[in-house]
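Since chain A is already given, all that's left is putting chain B on it; use the hints.
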Amino acid sequence: MITPPIPVQMAPSGPTARTPLRRWLARIFTMEFALGVLSVGAVGLIWEYAQPMGIPFIENLPPLSKIAQTSRQLLSSQLYWEGWQYSLQRITGGFLIAQAVGIPVGLIMAMNRASFETLFPIVEILRPIPPVAWIPISIVFWPTRELSVLFIVFLGAFWIVVLNTIGGAANIDPNYKRAALSLGSKPSDMFWRIILPATVPSIVTGMAVGIGIAWEMVVAAEMVAGRTGLGYLLWQSFEINAIAQCIVCMISIGFAGFVSSQLIRIFGSYVAPWQRR
Amino acid sequence: MSPTDWKVEKGVTLDGVKKQFGDEFVSKTVVRDCSFVIEDGKFTVLIGPSGCGKTSLINLIAGYEQPTSGKIKCDGKLVTGPTRDRLVLFQETTLFPWMTIFENVMYGPRVQGRAASAEPEVVALLSKVGLQDFRDKYPNQLSGGMQRRAELARTLINKPRVLLMDEPFRGLDAMTRQLMQEYLLNLFEGSGQTILFVTTEIDEAILLADKLVLLSNAPASVREIVNVELPRPRSSKIFATGRFAELKSHALSILYNEALQSFAAGSRAAAEMVQALETRRRAP
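Chains A and B, in that order, are what the protein sequence lines are. Numbering that gives the first Met the number 0 applies: residue 0 is where the first sequence begins, and numbers increase by one. Numbering that gives the first Met the number 0 applies: residue 0 is where the second sequence begins, and numbers increase by one.
A couple of the hints might just be wrong.
To be verified - Below are the DSBU-like pairs computed for lysine-lysine, each with C-alpha atoms no more than 30 Å apart in a straight line:
id	chain 1	residue 1	chain 2	residue 2
1	B	K210	A	K185
2	A	K176	B	K76
3	B	K76	B	K9
4	B	K41	B	K236
5	B	K70	B	K9
6	B	K210	B	K247
7	B	K70	A	K185
8	B	K236	A	K176
9	B	K17	B	K247
10	B	K72	A	K185
11	B	K158	A	K185
12	B	K72	B	K210
13	B	K76	B	K41
14	B	K210	B	K127
15	A	K176	B	K247
16	B	K136	B	K72
17	B	K210	B	K41
18	B	K9	B	K127
19	B	K127	B	K70
20	B	K136	B	K76
21	B	K70	A	K65
22	A	K185	B	K127
23	B	K136	A	K185
24	B	K76	A	K185
25	B	K17	B	K72
26	B	K158	B	K127
27	B	K41	B	K158
28	B	K27	B	K158
29	B	K72	A	K65
30	B	K9	B	K136
31	B	K210	B	K76
32	A	K185	B	K247
33	A	K176	B	K27
34	B	K236	B	K210
35	B	K41	B	K17
36	B	K70	B	K136
37	A	K176	B	K9
38	A	K176	B	K72
39	B	K70	A	K176
Treat the hints as calculated values from the structure; they're not laboratory data.
Extracted from the complex, chain A is given alone in its bound form (with noise of 0.2 Å):
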């Protein structure tokens, strides 16, 4: 049988020649990002006249326009900042906290058999019990406050590095240390050159969930026993019915997770260069 020849495609011109603001502008308004457009438009519109045209549940909340201007309010009061600033101080800390005590912890553990069936059945019984369920006894527990509310927030962000870290360390390819330990590694070159980088990745992928989850623990901590914070100040703007404030509050904290963990993807492409794409 002979096989009919491949038609040669050819580039058309005329149309695709543009000039460079032209194609950047293509590239942007695409189709999705006008149904992403409509999309979020449709819902303000919906939130914005819920009131007047009645839609059910939706009208109990203050229209958009009233937002905007309870965030010009708030964003120019020193309560708000300092809300940031309490919650940011307590998210830090915690967090910081929890990668130092848990990345050595999770390191010793993959790496030594003995320390792993001593501490994995203490880890597994602490484990289930959400961090939010800590905060009574954690109250209890800590001379002040603060402390409590930083425990919290440590806990929220250390299962998840021990285990991440754990995990990566325990499942690096055998090859790898043969090849090491062939090519003369001593035990610490096998440490500081293999395990550690080879358990980076899952490292940054346990902070990239921690940091997550320790953002719904500061703010779950500061509405129970904090006295500041975003958290604490959501709460506070609920209990005087000025649901405006708590909806600025709500957007704030999430758009501190946001840039939280654009932070950890920055750091992680930072420390991990070779998995960049």
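Just chain B now, with coordinates in the frame of chain A:
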């Protein structure tokens, strides 16, 4: 003093090597009564049906595992663990993904504490394997063939007594595979490097080998040793010679029976090999 004591044998000797996994209740023998010599300066090729225990043999010779009974000696010394005398080129790439190509090749010299003196040599070796422009890339940015060459460089910089190659070209496409075979011949013919090469490809085996060790179905033992006295330097042109065809049909007849047995024992890998061999026999 017996006469064998002062005469140090060169190369690697396997003497009645047996490897068994498991305990007294449940055990599986993967290598049984294996004896052969990896001669100094020669290209020895191990070939046998898939899953017959070739990788286990490599692990034993490299020193990653200890034989249940029997002895493995390298230049007359008993093998007790991994050293850089015997370096393995693994089936799958084991270039460390977190190091650049240069850092990978430098790894051996670095941990051996001779990084500074080895650097010019590393640079030279990288250009010898054609990767001088890729020294700062990470392994996952390289093609399969380039990764193999980088790994070869990482191994060769340590000047191993014996190079153990465990199906190094598996998973490469046919074209790259052929290029790598020719590349390997170019690099090692006349170099005096002692090599043990493991493969399931009969053409590849005969093309490369000075000595062909045909293995049995699992547990692996030596079925026959064939000397391949085809002239060197070789190239893929030898595929057309009559001597090549003779060697191939002889080796195939033995391997075919072994593969059939492991097929009967339910090995899927072996079933594939039987099928492949049958197709090849039917081909003119």
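To see whether the hints hold, each was checked on the structure:
1. Restraint check for K210(B) and K185(A): not satisfied, since their Cα atoms lie roughly 36 Å apart, outside the 30 Å limit.
2. For the hint linking K176(A) to K76(B), the alpha-carbon distance of about 24 Å falls within 30 Å, and the restraint holds.
3. For the given pair, K76(B) sits about 10 Å from K9(B) by alpha-carbon distance, which is consistent with the 30 Å threshold.
4. The suggested pairing of K41(B) with K236(B) holds, with an alpha-carbon distance near 21 Å, which does not exceed 30 Å.
5. The straight-line distance between the Cα atoms of K70(B) and K9(B) is roughly 15 Å, inside the 30 Å bound, and the hint therefore holds.
6. Between K210(B) and K247(B) the CA atoms are separated by roughly 13 Å; this keeps the pair inside 30 Å, and the hint holds.
7. A threshold of 30 Å between alpha carbons decides the hint, and for K70(B) with K185(A) the separation of about 26 Å falls inside it, so the pair holds.
8. Distance restraint check for K236(B) and K176(A): the Cα-Cα separation of roughly 40 Å exceeds the 30 Å cut-off, and the hinted pair is therefore not satisfied.
9. Simply put, K17(B) and K247(B) have alpha-carbon atoms about 28 Å apart, close enough for the 30 Å limit, and the pair holds.
10. Between K72(B) and K185(A), the direct Cα distance comes to roughly 24 Å. Compliance with the 30 Å bound is thereby established for this hinted pair.
11. Restraint check for K158(B) and K185(A): satisfied, since their Cα atoms lie roughly 19 Å apart, inside the 30 Å limit.
12. Using a Cα cut-off of 30 Å, the hinted pair K72(B) and K210(B) holds, with the two alpha carbons roughly 19 Å apart.
13. Between K76(B) and K41(B) the alpha-carbon distance is near 19 Å, which keeps this suggested pair within the 30 Å criterion.
14. With a C-alpha separation of about 27 Å, the suggested pairing of K210(B) with K127(B) holds against the 30 Å cut-off.
15. This hinted pair does not check out: K176(A) and K247(B) have alpha carbons roughly 37 Å apart, beyond 30 Å.
16. Note on K136(B) and K72(B): the hinted pairing is violated, with a Cα-Cα distance of about 38 Å set against a maximum of 30 Å.
17. Using a Cα cut-off of 30 Å, the hinted pair K210(B) and K41(B) holds, with the two alpha carbons roughly 8 Å apart.
18. Taken as a hint, the K9(B) and K127(B) pair is honoured in the structure, with Cα atoms around 28 Å apart against an allowance of 30 Å.
19. For the hint pairing K127(B) with K70(B), the CA-to-CA distance comes to about 37 Å; that exceeds 30 Å, so the pair is violated.
20. Between the alpha carbons of K136(B) and K76(B) the distance comes to roughly 39 Å, so the proposed pair goes past 30 Å and is violated.
21. A C-alpha spacing of about 85 Å is found between K70(B) and K65(A), which places the hinted pair above 30 Å, so the restraint is violated.
22. Between K185(A) and K127(B) the alpha-carbon distance is near 29 Å, which keeps this suggested pair within the 30 Å criterion.
23. For the proposed pair K136(B) and K185(A), the alpha carbon gap of about 26 Å is at most 30 Å, so the pair holds.
24. Taken as a hint, the K76(B) and K185(A) pair is honoured in the structure, with Cα atoms around 22 Å apart against an allowance of 30 Å.
25. Proximity of K17(B) to K72(B) is assessed by CA-CA distance (about 14 Å); at most 30 Å being required, the pair is judged to hold.
26. Restraint check for K158(B) and K127(B): satisfied, since their Cα atoms lie roughly 15 Å apart, inside the 30 Å limit.
27. For the given pair, K41(B) sits about 15 Å from K158(B) by alpha-carbon distance, which is consistent with the 30 Å threshold.
28. Annotation: proposed proximity of K27(B) to K158(B) is violated, straight-line Cα distance about 35 Å (limit 30 Å).
29. A hinted pair counts as satisfied when its Cα atoms are at most 30 Å apart, and K72(B) with K65(A) does not qualify at roughly 84 Å.
30. Distance restraint check for K9(B) and K136(B): the Cα-Cα separation of roughly 39 Å exceeds the 30 Å cut-off, and the hinted pair is therefore not satisfied.
31. Taking the CA atoms of K210(B) and K76(B), the gap is about 23 Å. The hint holds against a cut of 30 Å.
32. Distance hint between K185(A) and K247(B) is unfulfilled; the C-alpha atoms sit about 45 Å from each other, more than 30 Å.
33. Pair hint K176(A) plus K27(B) holds up; C-alpha atoms about 25 Å apart against a cutoff of 30 Å.
34. A C-alpha spacing of about 19 Å is found between K236(B) and K210(B), which places the hinted pair at or below 30 Å, so the restraint holds.
35. For the hint pairing K41(B) with K17(B), the CA-to-CA distance comes to about 24 Å; that is within 30 Å, so the pair holds.
36. This hinted pair does not check out: K70(B) and K136(B) have alpha carbons roughly 42 Å apart, beyond 30 Å.
37. Pair hint K176(A) plus K9(B) holds up; C-alpha atoms about 28 Å apart against a cutoff of 30 Å.
38. Using a Cα cut-off of 30 Å, the hinted pair K176(A) and K72(B) holds, with the two alpha carbons roughly 23 Å apart.
39. A hinted pair counts as satisfied when its Cα atoms are at most 30 Å apart, and K70(B) with K176(A) qualifies at roughly 24 Å.
Comparing the model with each numbered hint stated earlier shows that hints 1, 8, 15, 16, 19, 20, 21, 28, 29, 30, 32, 36 do not hold.
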